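Visitor: In our numbering, the protein residues as written are 8 to 395.
Source of the hints: derived by calculation from the structure; they are not laboratory data. Bear in mind the structure is a predicted one, so any value in this text is a computation, not a measurement. You may find that some hints are simply not true.
What the hints assert, rightly or not - Calculated lysine-lysine pairs in the DSSO-like style (CA-CA distance at most 30 Å, straight line):
| id | residue 1 | residue 2 |
| --- | --- | --- |
| 1 | LYS176 | LYS36 |
| 2 | LYS111 | LYS152 |
| 3 | LYS287 | LYS152 |
| 4 | LYS36 | LYS114 |
| 5 | LYS70 | LYS36 |
| 6 | LYS287 | LYS268 |
| 7 | LYS20 | LYS176 |
| 8 | LYS70 | LYS152 |
| 9 | LYS268 | LYS111 |
| 10 | LYS20 | LYS70 |
| 11 | LYS70 | LYS287 |
| 12 | LYS114 | LYS176 |
| 13 | LYS114 | LYS268 |
| 14 | LYS111 | LYS70 |
| 15 | LYS176 | LYS287 |
| 16 | LYS152 | LYS176 |
| 17 | LYS20 | LYS111 |
| 18 | LYS114 | LYS287 |
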Amino acid sequence: MAEDTILDILTQKSPELNHERQSSGPNTKGNGYVRVDPAHVTLWNDFTFEAISAAYGDLLSRKAPDDSHRRLQAEDITPSERDMVNEDAVDFFFKGYFATIIKKSMKECSAIVRRRLGLPPAEPSLRPRPRSVKDDLSVIDKISKPDWIIHVHPDGQIFVVGESKLSSKWRSQLKSNFESSTEQRMRPIRQIATYCTKANTRYGFLFTPLELVAVRVHAIPGSPGSCGVEYRPIRYSNWGGQTLTVNLALWALAMMGANEKVRDFAPRCQYVSLNSWTRKTGSGSRRLVHCISGREMDEQVVRCVLGDSLIIHPDHGSVPVALPIPAALRTRSPSPAYLAPNKTPRRNRSASPLSSMRSVDGREEDGGLDSPADENLSTPLGSKRKRH
8 MAEDTILDIL TQKSPELNHE RQSSGPNTKG NGYVRVDPAH VTLWNDFTFE AISAAYGDLL
68 SRKAPDDSHR RLQAEDITPS ERDMVNEDAV DFFFKGYFAT IIKKSMKECS AIVRRRLGLP
128 PAEPSLRPRP RSVKDDLSVI DKISKPDWII HVHPDGQIFV VGESKLSSKW RSQLKSNFES
188 STEQRMRPIR QIATYCTKAN TRYGFLFTPL ELVAVRVHAI PGSPGSCGVE YRPIRYSNWG
248 GQTLTVNLAL WALAMMGANE KVRDFAPRCQ YVSLNSWTRK TGSGSRRLVH CISGREMDEQ
308 VVRCVLGDSL IIHPDHGSVP VALPIPAALR TRSPSPAYLA PNKTPRRNRS ASPLSSMRSV
368 DGREEDGGLD SPADENLSTP LGSKRKRH
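Work out the full structure, taking the sequences as your base and the hints as a guide.
Guide: See below:
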């Protein structure tokens, strides 16, 4: 029997949730939130399954870490834990399920990413809102305390920030942009943008019982206090081996945040695409190195996977140049080598019709806690929940 890979674990089906008793009301209003012009909220076009697989496929094909909670199944989740009545219930479920699923693979793979990028070791944890401003996060003030952080304890590096919402109060409502957005709909966008700027990270997410929205925030030159936001909605119901899922998106954000060279909040013109690669130095090398993950691959394989979306930097620090895919490769199916070179990938056992539900441009349809300070906060779903 084939062993589970990290990809298998990150694309397994999530438990069905009960949305019927969600409370209603306005979204959080913060007087100190940064300004976000709706015209500066756009789709994060390169945050796709294909780009993530090309950048991190060697890690996704690794044997899943030995973790007693990694295969949480629907029967492990109690009815009360599925009942999304308020944001506390959403937080409790997120902590018990998603944080538990990704925690060991996040630690293991971020160490590999940092090692091949020449960065010092760091073990990130996904943890809930700090109990106090003093709780390792002096960089985040009282106005800016996110529900979730992926950070390194105890040095305080923050890779990713996140916020939970009820789907009865907010949904991304996938469109080409947010130009027709109301003030209420923009509040969570401004909120997560504020958290990113305060933590000096470009990566964040909004989670509801219906979706996870991955975001990348950037500064607007000449407009202090204003931000732009790129967003990618991922349906909660997505699952299957070739699909961008909530767990895979969270894991990918953590991997991207592990590279501190391309994590800081900055103007958009300073960001590199998730499809960006540079040539390996050497005489006539046909090997490419990913600009964020540091993964090295044969150029022909990368072209087969990414096609026309591939961007090659002539060298580090240069303006990226998009190169056309050779005509000889245009009719070929994407190579499976991005998962595991010289190995034919096993079909995911949890394959679903949802794995093929993509729109023409490849977009998805709309639809843990183990640092020393976190041990007493970790509560896997299905275990007895303490009431306070």
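Visitor: Against each hint, give a clear statement of whether it holds in the structure.
Guide: Each hint, compared with the structure:
1. LYS176 - LYS36: Distance of about 13 Å is within 30 Å: holds.
2. LYS111 - LYS152: 25 Å, holds
3. LYS287 - LYS152: Given that 30 Å is the threshold and the Cα spacing comes to 41 Å, the pair is violated.
4. LYS36 - LYS114: 34 Å, violated
5. LYS70 - LYS36: 44 Å, violated
6. LYS287 - LYS268: 18 Å, holds
7. LYS20 - LYS176: 25 Å, holds
8. LYS70 - LYS152: Outside the cut-off at roughly 35 Å; violated.
9. LYS268 - LYS111: 23 Å, holds
10. LYS20 - LYS70: 19 Å, holds
11. LYS70 - LYS287: 28 Å, holds
12. LYS114 - LYS176: 33 Å, violated
13. LYS114 - LYS268: 18 Å, holds
14. LYS111 - LYS70: 12 Å, holds
15. LYS176 - LYS287: 48 Å, violated
16. LYS152 - LYS176: It holds: about 20 Å lies between the C-alpha atoms, which stays within 30 Å.
17. LYS20 - LYS111: 19 Å, holds
18. LYS114 - LYS287: 27 Å, holds
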